[in-house]
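Protein sequence lines, in the order shown, are assigned to chains P and E.
Mapping the first sequence onto numbering that gives the first Met the number 0, position 46 (from 1) lands on 45, and the numbers just tick up by one.
Mapping the second sequence onto numbering that gives the first Met the number 0, position 230 (from 1) lands on 229, and the numbers just tick up by one.
To be clear, the hints were calculated from the coordinates, so they are not data collected in a lab.
Where hints are given, some of them may not hold.
To be verified - The following label-pair restraints were derived from C-beta to C-beta distances:
#, chain 1, residue 1, chain 2, residue 2, range
1, P, H45, E, D107, 25 to 31 Å
2, E, S162, P, E61, 54 to 60 Å
3, E, E262, P, E61, 51 to 57 Å
4, E, T420, P, M35, 24 to 30 Å
5, P, D24, E, P266, 39 to 45 Å
6, E, T424, P, D10, 43 to 49 Å
7, P, P49, E, P255, 38 to 44 Å
8, P, V63, E, K338, 57 to 63 Å
9, P, P49, E, T420, 28 to 34 Å
Bear in mind that the values here come from a model prediction, so they are computed numbers and not experimental data.
The C-beta atom is built at its ideal place from N, Cα and C for all residues, glycine as well.
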Amino acid sequence: MAKLRVELGLDRPDDVYDMLMKTFDGLTEDQSELLMAKLILVLTNHIGDPQVLAEALTIAREGVDGGTWAKRSFRTVAPTPVRKEVA
Amino acid sequence: MNQETHPQHPYVPAEEQRASTRRRHPVVICGAGPVGLTTAVGLARQGIPVVLLEKDHTYSIGSRAICWAERTLDIWNRLGCVQPILERSVTWSIGRVYYQAQEVYNFDLKPSADHKHPPFRNLQQYEVEAILYRASQESGKVDVRWGHQITGVRQESEGVVLSVQTPGGTYELEARYVVAADGAQSGVRQSMGLEFEGAVFESPFLIADIRMKADFPSERFFWFDPSFHPGRSALLHKQANNLWRIDLQLEPGADPDEERRPERVAPRIRAMVGEDTAFDVVWSSVYTFKCRRLASFWHGRVFFAGDAAHQLSPFGARGGNCAVQDADNLVWKLGLVLKGLASDSIFASYNEERIFGSDFDIMTAMRSNHFIAPQTRVRQAFRDAVLALSQKWSFVRPLVNSGRMSNPVPLLSSSLNTPDTDEFTQAMRPGMPSPNIGLDATQGGSSRWLHDELGKGFSALYFAQSVGDIPAKELEALAELANAPIPIQTRVVVAGSETRGVKLPSGVTPLVDTQGILARLCDARPGTFYLIRPDCYVVARWRQFDAQRVRRALDRATGGKVGDAQAKVETNHG
Numbered sequence: 000m001a002k003l004r005v006e007l008g009l010d011r012p013d014d015v016y017d018m019l020m021k022t023f024d025g026l027t028e029d030q031s032e033l034l035m036a037k038l039i040l041v042l043t044n045h046i047g048d049p050q051v052l053a054e055a056l057t058i059a060r061e062g063v064d065g066g067t068w069a070k071r072s073f074r075t076v077a078p079t080p081v082r083k084e085v086a
Numbered sequence: 000m001n002q003e004t005h006p007q008h009p010y011v012p013a014e015e016q017r018a019s020t021r022r023r024h025p026v027v028i029c030g031a032g033p034v035g036l037t038t039a040v041g042l043a044r045q046g047i048p049v050v051l052l053e054k055d056h057t058y059s060i061g062s063r064a065i066c067w068a069e070r071t072l073d074i075w076n077r078l079g080c081v082q083p084i085l086e087r088s089v090t091w092s093i094g095r096v097y098y099q100a101q102e103v104y105n106f107d108l109k110p111s112a113d114h115k116h117p118p119f120r121n122l123q124q125y126e127v128e129a130i131l132y133r134a135s136q137e138s139g140k141v142d143v144r145w146g147h148q149i150t151g152v153r154q155e156s157e158g159v160v161l162s163v164q165t166p167g168g169t170y171e172l173e174a175r176y177v178v179a180a181d182g183a184q185s186g187v188r189q190s191m192g193l194e195f196e197g198a199v200f201e202s203p204f205l206i207a208d209i210r211m212k213a214d215f216p217s218e219r220f221f222w223f224d225p226s227f228h229p230g231r232s233a234l235l236h237k238q239a240n241n242l243w244r245i246d247l248q249l250e251p252g253a254d255p256d257e258e259r260r261p262e263r264v265a266p267r268i269r270a271m272v273g274e275d276t277a278f279d280v281v282w283s284s285v286y287t288f289k290c291r292r293l294a295s296f297w298h299g300r301v302f303f304a305g306d307a308a309h310q311l312s313p314f315g316a317r318g319g320n321c322a323v324q325d326a327d328n329l330v331w332k333l334g335l336v337l338k339g340l341a342s343d344s345i346f347a348s349y350n351e352e353r354i355f356g357s358d359f360d361i362m363t364a365m366r367s368n369h370f371i372a373p374q375t376r377v378r379q380a381f382r383d384a385v386l387a388l389s390q391k392w393s394f395v396r397p398l399v400n401s402g403r404m405s406n407p408v409p410l411l412s413s414s415l416n417t418p419d420t421d422e423f424t425q426a427m428r429p430g431m432p433s434p435n436i437g438l439d440a441t442q443g444g445s446s447r448w449l450h451d452e453l454g455k456g457f458s459a460l461y462f463a464q465s466v467g468d469i470p471a472k473e474l475e476a477l478a479e480l481a482n483a484p485i486p487i488q489t490r491v492v493v494a495g496s497e498t499r500g501v502k503l504p505s506g507v508t509p510l511v512d513t514q515g516i517l518a519r520l521c522d523a524r525p526g527t528f529y530l531i532r533p534d535c536y537v538v539a540r541w542r543q544f545d546a547q548r549v550r551r552a553l554d555r556a557t558g559g560k561v562g563d564a565q566a567k568v569e570t571n572h573g
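Same shape as in the complex, but just chain P:
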């Protein structure tokens, strides 16, 4: 059962969007990237529930690379299969 809120949760969407954007004002690309990562970590901790997070990640990933993203299970304890990958 879906747990992520997918109806609008913001009272004043434009204000919130603006607040989000202004946080990045005056930053370089590298600094912006660091800020995004920090923000995601802070919000991830606030969400806590891995199922909500998994649903959010799935929505975010949708369409980013033309739909090659298969629906994955976000396992936390079971071993993942070893794949041939040379980083």
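Starting from the known structure of chain P, fit chain E onto it as the hints suggest.
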């Protein structure tokens, strides 16, 4: 080379080599490292003679595996060789992780008085090998052949023919089973044309043993971006005899041969330990993270164990501890098959359980690798974000990953387990390794430990109000189980010590649990019955003893009845 730590074991021609006749051995092990020697001692204790071939003449060069986990100490305890390891090793429990100058995360793997062994002890690998080698020789069952190198492996229907090269020429010997414990560069693996699958990272690391008299505490230190090694990571960890492990991340693309040179190594270490501390570099090497394994650890009559089967990156002590768990898993299964008490089908469980175990270790090590040495821009950004936040915000600190220390992997989905049908708490469910807890807790320890009562084959814990409560018919059934081809030794666990006057059949002995420690661990009530494997994993448990169910669980835990899977085995390997 230091003669004390690295005695030269001379090449001695084998008897069959001199006689020019091919002999057949029950088991030949390749490699005298921790896994080969643990396997040898484990088989010797079951009365099985072992030939162990080692291409070198001494123990490992460099400290290599240094942190030995509680589970590994428990295994060596069962094999009777943990005492010298405890005496020689150094103790530690605290790990500290720094980002720049600030401590951002720590953990404390405190020894517990309830457990015989602490979570970790540090001892350099060559010292462990020397101790295990002595144990193998004291057994009188292990023929270690130094300077004997495998050059060919040929599987025939009745056995494996090994070609061996020695300073005195080549010879062949035959084995019913071969254990390839000959390390990451395994000659057996190469002879059989098998390749690892998995991940190799590019980021190079310098690893070194240095000898110094320093008053750094016996703790694990890890730094991200320290002032003495800007932009990279560093580790310092104590070993025995004033030896310290140092691990320094190098610049991407660093030339390993260049970085190994003493003139390059010394300044890096001086920056780390300070100008005033005198030190000697005893050993150094350059490596990259590798997390990979064979697709199968079981190929006909050949088993792969330790680094020959899987390669793990450091920073979690998983390589050595994973390897010793391979040996512990394999030896009792090999013992049963060699004695004709189980069919080869039990080896499927070696493959299943140890692939599960090593995949867990590979997954855990990979996560640490990605954090310590991010290989992509976005991984780098998130890693840096965690470290930046961790300076002020404690909620982020558990994400700081400088390596997660090895722990035994529960085998909850093993096909050897009989799933629970009765209600119990989870701590000792089938597939859990039983901890080596004290049975009569006194201040600072215990005089009796659980594993002293287990691990000499299959054992059972039968909880009762008192020994006298067990009906004669049940005692008879327990005696039958104790005298079966695969015996089950039952411990009748009682709270009181008044066990006198009750005659128990052989193979059934009382175990006094005055303080109820074992009963609490096992969530036991009178009547509760646990079946435990020779390697101290729980395989089945019930609220009531039923000999028929116990026999069925034993069958299942030993891979089915003898002979019924032979045909399947012969076709079950590539």
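Hint-by-hint comparison with the structure:
1. Separation of H45/P from D107/E is about 28 Å and conforms to the stated range, judged on CB atoms against 25 to 31 Å.
2. Against the hinted window of 54 to 60 Å, the Cβ-Cβ separation of S162/E and E61/P comes to about 57 Å, which satisfies the hint.
3. Between E262/E and E61/P, the C-beta spacing of about 55 Å keeps the proposed range 51 to 57 Å intact.
4. The given range of 24 to 30 Å is broken by T420/E and M35/P, whose C-beta atoms sit roughly 51 Å from each other.
5. In this structure, D24/P and P266/E meet the distance hint of 39 to 45 Å, their C-beta atoms being roughly 43 Å apart.
6. Restraint check, T424/E to D10/P: a C-beta distance of roughly 47 Å satisfies the suggested window 43 to 49 Å.
7. In this structure the supplied range 38 to 44 Å holds for P49/P paired with P255/E, their Cβ-Cβ distance being about 40 Å.
8. Here the CB-CB span from V63/P to K338/E is close to 59 Å, well matched to the stated 57 to 63 Å.
9. One distance hint, 28 to 34 Å for the beta-carbon pair P49/P and T420/E, holds here, with the actual separation near 30 Å.
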